[in-house]
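Colleague: From these two lone chains plus the hints, build me the complex, please.
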Amino acid sequence: MEYPDWPAFLAAIVGASDDDTARLVAADFLEENGDADRAAFIRIQVELARLEATGEGKSLEADRLRTKEREFLGPLSMHRQLWAAEACPELVRVASRGAGRDPLEAMTVEGADCLVWRRGFAESVRCSAADWERHGSAIRQRNPIRFVHLTQTHWVTRDDWYGMIVSLRGLERLTVEDEEEGFVQWLREWLPGVVIEATK
Amino acid sequence: MSAESDLIALDDLPSEARELIARTENAIAVARERADARTGELRGAAEAECAAIRDRAEAEVALVEQAATRELAPLVRELVNSLRKMQEVYAREGKLDEALAIRARIRQLRGNLLGVRTDPGNLTEFTAHEVGRTVLFEVVGRTDGSVWGTDAYTADSRLATAAVHAGALREGERGLVRVTLQDGGEQFYQGSTRHGVTSYDYGGYSLAYRVERV
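If you read the protein sequences in the order shown, they are chains C and Z. Residue numbers in the first sequence follow this note's numbering, run continuously in steps of one, and reach 242 at the last position. Residue numbers in the second sequence follow this note's numbering, run continuously in steps of one, and reach 220 at the last position.
If you're looking for bench data, these hints aren't it; they were derived computationally from the structure. Treat the numbers as computed from the prediction; the structure is a model and nothing was measured. Cβ coordinates follow ideal geometry from the N, Cα and C atoms, glycine included. Please note that the accuracy of each hint is not assured.
[To be verified] Taking lysine to any residue pairs in the SDA-like style, the calculated list, with each CA pair at most 20 Å apart, reads: (1) C:Lys110 - Z:Arg111; (2) Z:Lys91 - C:His121; (3) Z:Lys91 - C:Ala82.
[Stated by the list, open to error] Just some of the chain Z residues that point at chain C, by a computed CB distance under 7 Å: (4) Val36; (5) Thr75; (6) Leu78; (7) Val220.
So here's chain Z without its partners, still in its complex pose (with noise of 0.2 Å):
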């Protein structure tokens, strides 16, 4: 049958047939009200179920979080304190290399606890949401490697040669810098000459980082 036929048979439907036809649609349509009120009403009933398990799971895990701090602190505490009573008593005695090997590992802890990380080259694996975010950094200072900008460099720029460029540190030098990330979106980064690096001009880099010696 062709579309037109269609239509003309529409045409004929018995008011009969159309009212049933109405009836059926309309009680359709209460039935899917229902039905979809229902889902949402369960929808709703478990989501609120759900934020209020998570909540409570999330206050529980703080407890808990709160609770190692309060004993993990004082345990490390405890340690550092013998271990540099344990230093003093070696340094002493004379047995110099002991107590350095002591220093040593007191230094290793303290870094580990202050979250200093090692050089990690450039600084790119940081995104424009970390801006305002201050890292430590092991670094040994060098004058190879490009860098862009004067002060604020691009997260691109290396860190160890910006180090450098910045005065935080000489090359060769190993120490512990302070990486403050920028917004570097507007800016013009402008290069210089400064102990013994040259950066370079960059016209627009997302991210930048500031670098100064701790």
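Just chain C, with the same shape it has in the complex (with noise of 0.2 Å):
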């Protein structure tokens, strides 16, 4: 849901990506706001990174929790694919299939598992380099992104990438596909800080 207050939390998370504070404060704000399941999601995927980083990642409480996650991330799950639609309208459609049907029976979401979500927010993020150049700075301000993996790169150019240097700088990790060697290096020189992989 779209709250007036929604984007000064979202800049806060995104401004400290590795604090849950935010993120906690946030999902009480949605909790308060009527947005249970979604606030549920959050505080489930902080506790369960929480317990990972910790070497819990295999009790029992994890396990628990991981079934908990399922529940939204699920294949079946209509709250990743609406959440996805939200966070990232960019790559994320709510689509129509076509005329003559219901508004509803129409309606569908595409793309929404270009996204890794991560307490409780989109880490990761997987689109063709000419999408990643369009929007990949739009994508950045709203979510928490640390790994971005670019696919189609023979379709931008050098000047392209120029251009998109800014929106990749402080990532964790960058992937991209079907790229030389030379030219992950010469990417690395302009990222530094970001791991980069090439992939076929």
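Modeller: Structure below.
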């Protein structure tokens, strides 16, 4: 749901992406505003990440949380689809499957699989390099993205890459498909601190 | 006049006439070249203008789509939340038929949002360009119908039967299955008997699929 105060919460989370406090405060805000599912999901993933970080990732408690997490993220979850559409409308689309049907019957969500959720928010995104060029900055403004996987990189020119550098700075890892090692080296020089991988 | 006499006549062409013809040919070539260059310029400019208009339109369309998505996603979420609360109220009041009807409607809505499709019979509607794609289908398991392969099935294999063969569904069971399209050109499809279904061998079929329970 789009609350007037929500962008401020997102800005705080993006600005301090390692800190869980802002996320948990956002969860409280959501619960107070009637979005109990989203609040529960954030708390579950934050707690799960904490357990994994402290070596308790295989505990019974972690298993219990994973079961709950799956209710939200499983392949039959509507939450995952709709949250993805709200978090990243640039890549995830609420689309219509053609005229002649009832609006609800025709409605479908496309592209939700491009996001991976961690600690309650989209942390990883996979998209074409052209899409990232167009939308990367906007996506990172609203989501604490740490990992980016770019496909179809052959469609963007070196000049395009120069333009994209700003939106790729500060990531933890960048994966590029179909790029030569020479190019990856060049990219590493422009993105110090970012782990860059090339895949075929 | 014969062809031979034509050649003789050309040999006799005075140099004055030859020069006149050459000058004219040269002028034609220059004019043609100028016209071609101008035509090329105009076409190039028009194409660049069209491309710019198309790009602007695509960018505007994308913005409209994004705005629609921002508006629609919360609407649907609110609808689902409200329906769930309504379902709980009806269930608490003992109005089970109404509660079940609401639950069925929510499930239907979920199926739409997830892009769940009805059983198409087989998967020949897909092409090799769609290798890697996954699609959800609602299927009732069957043991009749033809299936080629084991684990990976040819695209013309009956989905409902392949789902039983793969162990994703039992016969008569209705359920959601996830189908993943695979490149099938290089592989040999080995038949086998599993879960009461016998599949056939097949030598080469360009598109294959795997089917699993969701």
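Colleague: Need the list of violated hint numbers for this structure, in ascending order.
Modeller: Hints 1 and 4 contradicted; others consistent.
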